[in-house]
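If you want the building blocks of each chain, they are given just below.
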Amino acid sequence: MKALKDMVRLEDVHVHFVLRRGLFQRGIVHAVNGVSLSIAAQEIVALVGESGSGKTTLGRVSLRLERPTVGRVWFDGREISHLSEGELREFRRRAQAVFQDPYSSINPYMTVAQIVEEPLIIHKIGSRSERLAHVEALLEALRLHPVREFMQKFPHQMSGGQRQRVALARALILNPDYLMADEPVSMIDASSRAEILQLMQEQQKERGMAVLYITHDIATARHYAHRIGVMYLGSLVELGPSRRIIDHPLHPYTQHLIEAVPEPDPANRHRQRQVVPGEPPSPIHLPKGCFFHPRCPKFMKGLCDAARPALKEIESGHAVACYLYHQESLKEAKTEQVAAQV
Amino acid sequence: MAFLEVQDLTLYYDTHRGPVRAVDRVSFSLEKGEALGIVGESGCGKSSIALALIRVLPKNVHTYTGSVRLDGRELLSLSDEEFRRQIRWRKISMAFQGAMNVLNPVLKVGYQIAEPLLQDGQIPKERAFARVREILQLVGLPPETAERFPHELSGGMKQRVVLATALVFNPSLVILDEPTSALDVSVQAQIMNLLKRLKSELGLTFIFITHDIALASDLCDRLGIAYAGQLVEEGPIEEILQRPTHPYTQGLLASMPLLHSDKPPSFIPGAPPGLIDPPKGCRFAPRCPYLFERCEQPPPLLETSRGSRALCWLLAERSSRSQPTPDQNPERESP
Chain X
104 MKALKDMVRL EDVHVHFVLR RGLFQRGIVH AVNGVSLSIA AQEIVALVGE SGSGKTTLGR
164 VSLRLERPTV GRVWFDGREI SHLSEGELRE FRRRAQAVFQ DPYSSINPYM TVAQIVEEPL
224 IIHKIGSRSE RLAHVEALLE ALRLHPVREF MQKFPHQMSG GQRQRVALAR ALILNPDYLM
284 ADEPVSMIDA SSRAEILQLM QEQQKERGMA VLYITHDIAT ARHYAHRIGV MYLGSLVELG
344 PSRRIIDHPL HPYTQHLIEA VPEPDPANRH RQRQVVPGEP PSPIHLPKGC FFHPRCPKFM
404 KGLCDAARPA LKEIESGHAV ACYLYHQESL KEAKTEQVAA QV
Chain H
622 MAFLEVQDLT LYYDTHRGPV RAVDRVSFSL EKGEALGIVG ESGCGKSSIA LALIRVLPKN
682 VHTYTGSVRL DGRELLSLSD EEFRRQIRWR KISMAFQGAM NVLNPVLKVG YQIAEPLLQD
742 GQIPKERAFA RVREILQLVG LPPETAERFP HELSGGMKQR VVLATALVFN PSLVILDEPT
802 SALDVSVQAQ IMNLLKRLKS ELGLTFIFIT HDIALASDLC DRLGIAYAGQ LVEEGPIEEI
862 LQRPTHPYTQ GLLASMPLLH SDKPPSFIPG APPGLIDPPK GCRFAPRCPY LFERCEQPPP
922 LLETSRGSRA LCWLLAERSS RSQPTPDQNP ERESP
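Residue numbers (the numbering used here), protein chains in the order written: chain X, 104 to 445; chain H, 622 to 956.
Think of the hints as simulated: they come from the structure by calculation, not from any bench.
The structure displayed is predicted, hence computed values, not measured ones.
There could be a bad hint or two in this list.
[As the list claims (entries may be wrong)] Which chain H residues face chain X? A few, computed with CB under 10 Å, are given here:
hint: 1; residue: N725
hint: 2; residue: V727
hint: 3; residue: M778
hint: 4; residue: D805
hint: 5; residue: Q811
hint: 6; residue: D833
hint: 7; residue: A837
hint: 8; residue: A875
hint: 9; residue: M877
hint: 10; residue: R908
hint: 11; residue: L912
[Said to hold, decoys possible] Beta-carbon label-pair distances, calculated as ranges:
hint: 12; chain 1: X; residue 1: I228; chain 2: H; residue 2: S882; range: 53 to 59 Å
hint: 13; chain 1: X; residue 1: R346; chain 2: H; residue 2: L922; range: 41 to 47 Å
hint: 14; chain 1: X; residue 1: N278; chain 2: H; residue 2: L922; range: 48 to 54 Å
hint: 15; chain 1: X; residue 1: S207; chain 2: H; residue 2: I744; range: 42 to 48 Å
hint: 16; chain 1: H; residue 1: P640; chain 2: X; residue 2: L191; range: 52 to 58 Å
hint: 17; chain 1: H; residue 1: D898; chain 2: X; residue 2: G180; range: 53 to 59 Å
For glycine and all other residues, C-beta sits at the position ideal for the given N, C-alpha and C.
Isolated chain X (complex conformation) (with noise of 0.2 Å):
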């Protein structure tokens, strides 16, 4: 992974809302605080937290859907709030998108060829025949069988996972270079979500695309992505490879994400799950220092409640935004709990 360029660069996002409550009273939803992550072409990275921990905000931030309050976002060595016009065009182009829901996502009063050609009429690519014989192949690659039949189906008449295709078609139609999918399966059947994240990862390693998966579905993000990205309340708080973080999770909220879900074993129902007590806090009042302290079982007093530990690499490729793993910070720690017992 390591040799190919980026295609995607966030350099310290931060994005807020301003929430307007009543006549005078104002408050700020700090949607994404300080986050940097790049995508390299060829590769999936799955950005994985609960609700409200900003991976969707982070998402739409990479496609120009939602500009940062601070920060720098690059697409294939160009930053992308400084397009001119044809450049934003070939840009939307290149930068795709699947959303959660098939239901709310494609035209109902469209059939299948309508809804999947339209990308190549807006950009102008092709005849009416090649567009329509691109638009053949490509439902053949995504295995929606009879394809002629398909074609002149409505949304109606499918299955959320076969929408869920058509959508997905409708993002890969102009071959684009980066596919943001914002929880792609979070609202498909167990049986058939595979099926869809399986054709997702074929296209991506057919195409050399360039991949953000969402989701809150760790287990998932084992199987689909090479990348893993934990996130909280706005900040990235682990990042490394996907096998590795599941296997050795090194923050504290990663470890107590895994812990939480379930895997069926018939022993699971005989013992209680060591949980965190407690919800997320509000993203209006920001706790200081790491965001995860107050519901942390390893919290530090003076370290975790001073300032924000950084996203450091702790090991090849493996990074952890904790005080746990920041040896000269631990070091100065224990100095100072010493110096005070003394």
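Following the hints, complete the assembly by docking chain H onto the known chain X.
Coordinates of chain H only, in the frame set by chain X:
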């Protein structure tokens, strides 16, 4: 006789295109203090099974037949009035899906929990509210929560309140319909811990309805797998998870992405049939990798040697002559 015996429970809904066979001859039994998980995908009829048990039915019921015996007493022959006075909420209660939306936003939480107690006017107000404080503590909330409105509570707290409403009469059977589906995994784990504690401390009997077979294993002693309005396999959880018999159960288990295994999840091709005009024979036949001639006939419910039951012709074949077991079929190996 088991504590809960359900035999051939059937619930069809009337629509202008014909009856929808939401629950079709579902049978299972459950001992006191046990939890049964009913697992299935959207539209398989799992929530309708719950509605049929607690008799909260929509107006367009076409057929509602079968037998439900709770503690030896037949419930289906009771009149609606008898069922309401004696059974619903007192003996069988239910925590509905979507904790975020089931609470009334303009009423204090305490009043909403007390409401069924106050309904008949037999219990004085003070006693009802004392019971509310007791029950809030039981579900892990401070008693002062009674004075708060739903919008002041987090998702996990609301789910606990919904659970409290189901426990207020000390019922013997509690039906949980996707009790954690709107919650994040960490809060979900907290609620599952609470349910486990309630089960062991109060000896409650649960029917847990979910689409997540792994989550069901967090609470349940038995599992029933629902597909297209039928319970296609039912038995002790060890059997269902470790030696699944029905090809649908096998496919569903294989589609689970595992956290600590490199085995990639697989999928079941196709989609479930509509319930207005399901296949005449086995309903899973169009998607089944082991399809053979006999599948054109409705399969019988057959018992395995280890106490589970499945609706599948393979079982009949296997008992008559030795057949390759589905697990050895090369198609099932990792794709």
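Cross-check of the supplied hints:
The interface hint given for N725 (chain H) is broken, as the beta carbon of that residue sits about 22 Å from the closest beta carbon of chain X, more than 10 Å. Using the Cβ-Cβ criterion of 10 Å, the hint placing V727 (chain H) at the interface with chain X is not satisfied: the shortest such distance is roughly 19 Å. For M778 (chain H), the shortest C-beta to C-beta distance to chain X is roughly 8 Å, which falls under 10 Å, so the interface hint holds. Nearest Cβ of chain X to the Cβ of D805 (chain H): about 4 Å, under the 10 Å cut. The hint holds.
Hint status for Q811 (chain H): holds, given a least beta-carbon distance of 5 Å to chain X, under 10 Å. At its closest, the beta carbon of D833 (chain H) sits 7 Å from a beta carbon of chain X; the interface hint therefore holds under the 10 Å criterion. Interface restraint check: A837 (chain H) against chain X, minimum CB-CB distance 8 Å, threshold 10 Å, status holds. Annotation: A875 (chain H) was flagged as interfacial toward chain X, and the flag holds, the nearest CB pair being 9 Å apart, inside 10 Å.
About 6 Å separates the beta-carbon of M877 (chain H) from the nearest beta-carbon of chain X, less than 10 Å, and the hint is met. Among the interface hints, the one on R908 (chain H) holds; its C-beta lies about 9 Å from the nearest C-beta in chain X, closer than the 10 Å criterion. The interface hint given for L912 (chain H) is broken, as the beta carbon of that residue sits about 17 Å from the closest beta carbon of chain X, more than 10 Å. Checked against the hint of 53 to 59 Å, the pair I228 (chain X) and S882 (chain H) fails, with Cβ atoms roughly 43 Å apart.
The beta-carbon spacing between R346 (chain X) and L922 (chain H), approximately 42 Å, falls within the hinted interval of 41 to 47 Å. Under the hint 48 to 54 Å, the C-beta atoms of N278 (chain X) and L922 (chain H), about 52 Å apart, fit the expected range. Between S207 (chain X) and I744 (chain H) the beta carbons are some 46 Å apart, a value that agrees with the proposed interval 42 to 48 Å. In this structure the supplied range 52 to 58 Å holds for P640 (chain H) paired with L191 (chain X), their Cβ-Cβ distance being about 55 Å.
A hinted range of 53 to 59 Å for the beta carbons of D898 (chain H) and G180 (chain X) is consistent with their spacing of about 56 Å.
In summary, the structure is inconsistent with hints 1, 2, 11, 12 from the numbered list given earlier, while agreeing with the others.
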